[in-house]
Amino acid sequence: MKRRFLVLAFLVSLLAGSAAWTLSAAAPDADPFAAFPANSDAALTWPWEKIAVYFDALDRAPLTAETVAKWLTDWTSVAALLSEIENRLYLDMSADTADAAAEKRYTDFYEQVRTPAEQRQQNLRARLLASGLCPAGFELPLRKMRAQAELFRSANLPLLVDQEKLNNEYNKILGAQTVQWEGKETTISELDPVYQQTDRDRREQAWRLAMQRWQQDRAAIGNLWGQFLQLRRQLASNAGFADYRAYRWQDMMRFDYTPADVKRFHENIRRVVVPAAQRIYEKRRQRLGVDRLRPWDLDVDPLGRAPLKPFATATEFENKTQATFTAVDPRLGAYFATMRREKTLDLDNRKGKSPGGFCTGLDLRRLPYIFMNAVGVHDDVQTILHEGGHAFHYFETYRLPWFQQRWVPMEFDEVASMSMELLAGMHLDEQPGGFYSPKDAARARIVALEGILLFWPYMSVVDSFQHWVYEHPDEAAEPKNCDRAWAELWDQYMRGVDWSGLEAARETGWQRKLHIHTVPFYYIEYGIAELGAVQVFGRALQNPQQALTDYLKALSLGGTVSLPQLFATAGVKFSLDETTLAEAVALLERTIAELEKVAGS
Numbered sequence: 001m002k003r004r005f006l007v008l009a010f011l012v013s014l015l016a017g018s019a020a021w022t023l024s025a026a027a028p029d030a031d032p033f034a035a036f037p038a039n040s041d042a043a044l045t046w047p048w049e050k051i052a053v054y055f056d057a058l059d060r061a062p063l064t065a066e067t068v069a070k071w072l073t074d075w076t077s078v079a080a081l082l083s084e085i086e087n088r089l090y091l092d093m094s095a096d097t098a099d100a101a102a103e104k105r106y107t108d109f110y111e112q113v114r115t116p117a118e119q120r121q122q123n124l125r126a127r128l129l130a131s132g133l134c135p136a137g138f139e140l141p142l143r144k145m146r147a148q149a150e151l152f153r154s155a156n157l158p159l160l161v162d163q164e165k166l167n168n169e170y171n172k173i174l175g176a177q178t179v180q181w182e183g184k185e186t187t188i189s190e191l192d193p194v195y196q197q198t199d200r201d202r203r204e205q206a207w208r209l210a211m212q213r214w215q216q217d218r219a220a221i222g223n224l225w226g227q228f229l230q231l232r233r234q235l236a237s238n239a240g241f242a243d244y245r246a247y248r249w250q251d252m253m254r255f256d257y258t259p260a261d262v263k264r265f266h267e268n269i270r271r272v273v274v275p276a277a278q279r280i281y282e283k284r285r286q287r288l289g290v291d292r293l294r295p296w297d298l299d300v301d302p303l304g305r306a307p308l309k310p311f312a313t314a315t316e317f318e319n320k321t322q323a324t325f326t327a328v329d330p331r332l333g334a335y336f337a338t339m340r341r342e343k344t345l346d347l348d349n350r351k352g353k354s355p356g357g358f359c360t361g362l363d364l365r366r367l368p369y370i371f372m373n374a375v376g377v378h379d380d381v382q383t384i385l386h387e388g389g390h391a392f393h394y395f396e397t398y399r400l401p402w403f404q405q406r407w408v409p410m411e412f413d414e415v416a417s418m419s420m421e422l423l424a425g426m427h428l429d430e431q432p433g434g435f436y437s438p439k440d441a442a443r444a445r446i447v448a449l450e451g452i453l454l455f456w457p458y459m460s461v462v463d464s465f466q467h468w469v470y471e472h473p474d475e476a477a478e479p480k481n482c483d484r485a486w487a488e489l490w491d492q493y494m495r496g497v498d499w500s501g502l503e504a505a506r507e508t509g510w511q512r513k514l515h516i517h518t519v520p521f522y523y524i525e526y527g528i529a530e531l532g533a534v535q536v537f538g539r540a541l542q543n544p545q546q547a548l549t550d551y552l553k554a555l556s557l558g559g560t561v562s563l564p565q566l567f568a569t570a571g572v573k574f575s576l577d578e579t580t581l582a583e584a585v586a587l588l589e590r591t592i593a594e595l596e597k598v599a600g601s
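Each residue of the sequence shown is one higher than the one before, starting from 1 at the first, in the working numbering.
Hints are computed from structural coordinates only; laboratory data are not their basis. Do not take every clue at face value.
[Said to hold, decoys possible] Here are the simulated distance ranges between beta carbons:
hint : residue 1 : residue 2 : range
1    : E49       : A149      : 24 to 32 Å
2    : Q286      : P432      : 30 to 38 Å
3    : D291      : A568      : 47 to 55 Å
4    : C134      : R484      : 47 to 55 Å
5    : R340      : Q431      : 17 to 25 Å
6    : T45       : L541      : 49 to 57 Å
7    : Q545      : G433      : 50 to 58 Å
8    : Q216      : L541      : 40 to 48 Å
9    : P432      : N238      : 50 to 58 Å
10   : K343      : N123      : 19 to 27 Å
11   : Q216      : A582      : 24 to 32 Å
12   : P544      : K184      : 30 to 38 Å
[Said to hold, decoys possible] Under the rule of at most 25 Å between Cα atoms (straight-line distance), these lysine to aspartate or glutamate pairs were calculated in the DMTMM-like manner:
hint : residue 1 : residue 2
13   : K309      : D440
14   : K439      : E596
15   : K343      : E318
16   : K144      : D59
17   : K513      : D251
18   : K283      : D217
19   : K351      : E589
20   : K172      : E478
21   : K480      : D243
22   : K351      : E190
23   : K144      : D74
24   : K172      : E103
25   : K165      : D108
26   : K513      : D243
27   : K184      : D96
28   : K573      : E596
29   : K172      : D99
30   : K165      : D201
31   : K573      : E139
32   : K513      : E169
Note that the Cβ used here is the ideal one computed from N, Cα and C, for glycine as well.
All chains, full assembly: derive it from the sequences and hints.
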């Protein structure tokens with residue numbers, strides 16, 4: 001997907017769950033953890049009864065100061081097994097959204113295994129909290145467990161299953177979106193390279209074709225939307241919350257900032273970043289020599305240069321990515337080499353594949369897995385660098401002994417990924433085996449840095465829209481009201497591009513943003529993290545080795561310290577204020593100006 005409006009879903013494991021459960025019998029003296037499976041291959045089709053024996057053993061095991069370490073280690077084993085099964089089944093389903101059997105395997109697991117497992121995990125959380133035990137490095141995980149325990153309601157378990165089914169329906173709609181382009185059936189993502197071509201009429205034709213295809217699904221997505229809202233209001237009500245936003249805030253363990261803080265951040269972006277974005281758009285308009293900048297003018301090179309061609313084959317893509325990560329630090333290159341060797345990469349775009357990109361974990365094997373849709377454009381490079389940052393985060397946190405310590409705040413998850421885009425972006429030259437000549441590398445970096453300035457306003461639209469939705473749920477249940485609210489926010493933040501005559505495409509942008517539908521309120525993290533990442537980048541310009549050392553140190557802490565402490569360990573501030581934002585904008589604009597001299601802009 002486009003780097004500017006990057007779609008990624010960094011999937012967290014086993015934080016919520018599902019429905020009814022039954023106890024299974026086991027020999028009282030048996031320790032099933034003594035012969036625990038080394039991987040999830042055989043367990044992919046296990047019934048609940050085979051999983052339940054591990055929970056039975058944990059229920060029976062004594063929980064004292066002397067035994068708590070082993071007890072947590074055993075719990076980590078079963079949690080890792082369940083997480084890996086779920087993520088593998090999800091990956092299988094995402095690889096081909098038309099595969100009904102894969103969807104059934106995932107749904108069956110969710111209903112028949114994950115559901116009772118979450119109830120049993122809630123029992124374990126309650127037992128640990130009641131014990132008063134707090135092993136070293138477990139203070140913050142205990143706080144998160146308390147938040148989970150307070151949120152848990154058995155009545156919500158079947159609703160969470162239903163929500164996952166709605167997510168699958170949304171993804172199936174997107175996965176089936178193809179168009180006829182030049183006599184060939186093509187996915188919408190495969191049109192992305194056309195938007196970089198210099199023929200303006202051709203770009204417009206492709207863009208309009210994609211938007212027309214989206215409009216065909218307008219009613220279907222609107223129907224799902226009403227179901228999403230009704231279900232989420234019920235989740236919040238069952239848990240005793242006045243509204244879904246309050247429920248979701250605790251569900252996402254946002255301890256360090258409030259909705260009011262976020263709204264001030266939006267306003268700071270409107271004051272500080274929107275003018276910078278307008279300057280970028282105006283410079284682009286002038287260089288293109290057009291009287292109006294249109295949506296199909298945003299990806300073409302403004303100086304008429306041919307599109308960047310970072311790679312031609314999947315193997316070349318992987319080779320150049322590994323060389324780039326190695327140039328940042330040999331440890332990172334080795335991590336990526338491990339993923340190649342273990343075949344935990346699914347990078348190419350194809351019909352039926354779920355859109356977007358994400359990194360998830362195979363927790364039992366302690367390996368990350370990157371899923372994306374590469375079509376041979378520079379956005380693919382940005383995506384692999386981004387998801388690579390998530391993957392390195394997984395590698396670093398897998399050193400922590402207990403899975404609860406690996407619950408990283410999502411705001412810092414994205415610092416890991418967005419910082420890696422910028423750190424690795426400094427090593428795109430062909431000289432060490434990277435993607436581009438020095439001129440083209442500078443050109444690619446300009447696109448990335450401008451993309452940050454263009455992203456913050458878009459992020460504000462997405463996040464502000466979600467606040468409006470859950471503050472006005474009755475009004476938002478009607479898609480046409482959502483169209484109006486989205487369009488109003490778009491006009492506030494997305495200035496500089498002319499959408500006249502394209503109102504249907506503009507106002508339905510909320511339907512095209514995956515996060516709004518499948519991971520509600522998961523978007524502000526990107527804006528917060530980008531501000532942290534720009535600060536990491538600023539430090540790297542001054543002292544690259546120290547910046548990388550501090551970055552990796554912060555990644556290795558997992559979720560054992562607070563969000564502000566994670567930022568501080570990386571050498572940056574956790575702040576949403578106007579001053580920090582203005583400093584970031586100045587750094588980006590200054591660096592862009594320097595790179596333009598190299599790129600010949």
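Taking the numbered hints from earlier one at a time, note which ones the structure violates and give those numbers from smallest to largest. Hints 7, 10, 11, 12, 18, 19, 28, 30 are the ones this structure does not satisfy, whereas the remaining hints hold.
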